[in-house]
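S.K.: One letter stands for each residue in the lines below.
2 protein chains.
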Amino acid sequence: MRQSELFTKTRREAPSDEVSKNAQLLIRAGFVHKEMAGVYSFLPLGLRTFERIVTIIREEMNAVGGVELYLSALQNPEVWKKTDRWSEEKVDSWFKTKLRSGAELGLGFTHEEPLTALMREHISSYKDLPVYAYQFQTKFRNEERAKSGLMRTREFVMKDLYSFVRDEKAHVEFYEKCADAYGKVFERVGLGAVTYKTFSSGGSFSKYSHEFQAVCETGEDTIYIDSDKKLAINKEVYDDKEVYEATGLHKDSLTEAKAVEVGNIFTLGTRFSEALGLKYKNEKGEEMPVFMGSYGIGPARLMAVIAELMSDNKGMVWPESIAPFRVHLVQLGDDAEVQKEAEEMYRALTSAGVEVLWDDTEHRAGEKFADSDLIGIPLRIVVSQKSLSEGKFECVERHSGTTAHRSLPELIGHLTND
Amino acid sequence: MRQSELFTKTRREAPSDEVSKNAQLLIRAGFVHKEMAGVYSFLPLGLRTFERIVTIIREEMNAVGGVELYLSALQNPEVWKKTDRWSEEKVDSWFKTKLRSGAELGLGFTHEEPLTALMREHISSYKDLPVYAYQFQTKFRNEERAKSGLMRTREFVMKDLYSFVRDEKAHVEFYEKCADAYGKVFERVGLGAVTYKTFSSGGSFSKYSHEFQAVCETGEDTIYIDSDKKLAINKEVYDDKEVYEATGLHKDSLTEAKAVEVGNIFTLGTRFSEALGLKYKNEKGEEMPVFMGSYGIGPARLMAVIAELMSDNKGMVWPESIAPFRVHLVQLGDDAEVQKEAEEMYRALTSAGVEVLWDDTEHRAGEKFADSDLIGIPLRIVVSQKSLSEGKFECVERHSGTTAHRSLPELIGHLTND
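Same order as they appear, the protein sequences are chains A and B.
Quick note on our numbering: the first sequence kicks off at 124 and runs consecutively.
Quick note on our numbering: the second sequence kicks off at 124 and runs consecutively.
In silico lysine-lysine, BS3-like type, Cα no more than 27 Å apart, as pairs: (1) Lys-221(B) / Lys-213(A); (2) Lys-250(B) / Lys-132(A); (3) Lys-491(B) / Lys-404(A); (4) Lys-402(A) / Lys-132(B); (5) Lys-270(A) / Lys-219(B); (6) Lys-491(A) / Lys-250(B); (7) Lys-221(A) / Lys-213(B); (8) Lys-205(A) / Lys-219(B); (9) Lys-270(B) / Lys-221(A); (10) Lys-204(A) / Lys-219(B); (11) Lys-463(A) / Lys-509(A); (12) Lys-221(A) / Lys-204(B); (13) Lys-221(B) / Lys-204(A); (14) Lys-250(A) / Lys-463(B); (15) Lys-132(A) / Lys-407(B); (16) Lys-292(A) / Lys-132(B); (17) Lys-219(A) / Lys-205(B); (18) Lys-292(B) / Lys-132(A).
Residues of chain B clear of chain A, computed beta-carbon distances all greater than 12 Å: (19) Val-142; (20) Asp-290; (21) Tyr-298; (22) Glu-299; (23) Gly-315; (24) Asp-344; (25) Asp-363; (26) Gly-392; (27) Ser-523; (28) Pro-532; (29) Asn-540.
No wet-lab data here; the hints were simulated from the structure.
The beta carbon of each residue, even a glycine, is placed where N, CA and C say it ideally should be.
Just chain A, with the same shape it has in the complex:
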């Protein structure tokens, strides 16, 4: 893409009311726009990175048998009353609204209820199980505070998968499989080394659940890590003896850290299926409640955590897997020769399947380099009179700062062979 067509501009300063590092950086680099506290829009660069994260999650969910659907945001109170989650005393994060008739509706903060209700039309026999259904869908949560940038917002897309199986045994099997898939997601987006499967409270659904926590100074959670076993325990259950029996961890080998929840997996059991009447007939013709689990990841929160962790004083340092582009082609000068060379480079890379942001703007070299560092695309390639006369192009890795000089064929080889 030509940078002249990308309408966004980088900024020297983030809005004065923005206190979180991730939002400050993502706003300055032109990835997101702040609409109001806890509400952000995605600009073209931000949307590209967001979509890359979505694609990685989708691939891993499909790999464990997930089938994608898309539920509505507007919620019918009837199904939520059946599980006693409609009243604001029970759930304080509802955003509610009204039809013109005056009838109240909700904006989904999660989707257990409508999906369980929907499945009554499709699940009736053991032969219909298992079902693993997931979506990327907007959740609305009326958060009291919104000071963590894109880590906690009032409106965000969530990947939520719900598993419907016959019994606890089948559930445990899928639960472990999905936990492994989550591990792969965090690995692929670049958070593998800092993310721990964390034993935590089960909230209102079950005694315990698992979170995936990424170690991060600005995180809202405190966890206790066993780094050899790559496991952790959330502070909520740190003093609970049963946890140590269940996990085999020892209190004295744990180290404390601040962390951000980047994913969670819950055993729901039959709480929703019983309340909403989702049953199946087993081989003997007996009616049984369907056993359920839920599994969430917020792609924009991953983006925010990566912004917190993978940046330096110059700006973002995106991992290749989720960078908005692979190459930032920086053209210096606009004389005919340089222009022609930049165009050729752009075409050659693009047809080799490399995604390129081509800085064809009129800005000065210093501004272009500062912008390029701020945006944080993994590889910068400079086309200038100097590179023309040498027949080699300066290639700078954003991550390491390493510089190499490569001819166009060498570059293509470098970018397509790894």
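Please arrange chain B on chain A, whose structure you already have, making use of the hints.
M.R.: The following block gives chain B in isolation, referenced to the frame of chain A:
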């Protein structure tokens, strides 16, 4: 995809409260689920077709220079007050909600205001223009009635593009280009033959605008068509003499038809840029308001219109370009030989890039054929003992009913060479 993994079931009957043909069909075929009046969720088959329509629109918007972004649904009242569209007396389709603090927010029914406000940070000079920004984003509209199934819903994804240019001349140029792109979209999704560019009222923005109207008995609009010129006039402006001068059409050569609006393009002029202070400096350093236009298409409405128009008494008849799968592979019997052959066929087609829904269920042949007709995938291929003994497979076109018998290599050739 194996049909046994697709959890949805077809239904003999749609919900009794569903009066529209498109929703009845799409529910029966397992494409959508009705949450409540005017609110539908997308099941896996429906989501696939929806995404295909989105892809076609995205390609055509990119082709005219569109850059994709994604704005929030939650709306800050401040920007809407500046254009006098916050009060419910002015806009009766708002859904509003509240923060815990009691502060009111809106749910976007369109996005002129926030995008114009956002652009103030990116547009300041004539060098920053033009900008064509678009999104696929959920709109919420508090419709009084919701009886047209997916043609008019209270929550729906819309492709809305907004153009920001220097003056009316530049606007008219892009407006025409975008109208042509819309023509291509309707052509590609299979509505080309029935869709007319239609002169209509400009609403609150300008005197006139253009709609794209698809002729359809169940449509809410009435249009007057000149079929030679492929143009039409909306009833709203049918008696307005100026329209005939502007279009060169003659009242006596027009024929009346019911139609559904499948797209619209508006000249917004400087209404929003002046109210919100979106200006640019021209070559002389003078401050000018940016000239705007907006361009909308609802992918689910297209899906609904296609369901109304491209179906028969057996079910859906999807055009190839937006069908959820290209081939419905129907396996009859589950003896080892048939099973093996079906698997081989599935692999061969899939690796040739053909998307296949493989009916590997235990249903009887009659049920499978009825399901297949209802779902409406363009080509049905039957694998059975009969096909094995003949070495040829029965291939039935859903559209024409034409039957051919082809060997596997012939099939692959047939499916990949056109």
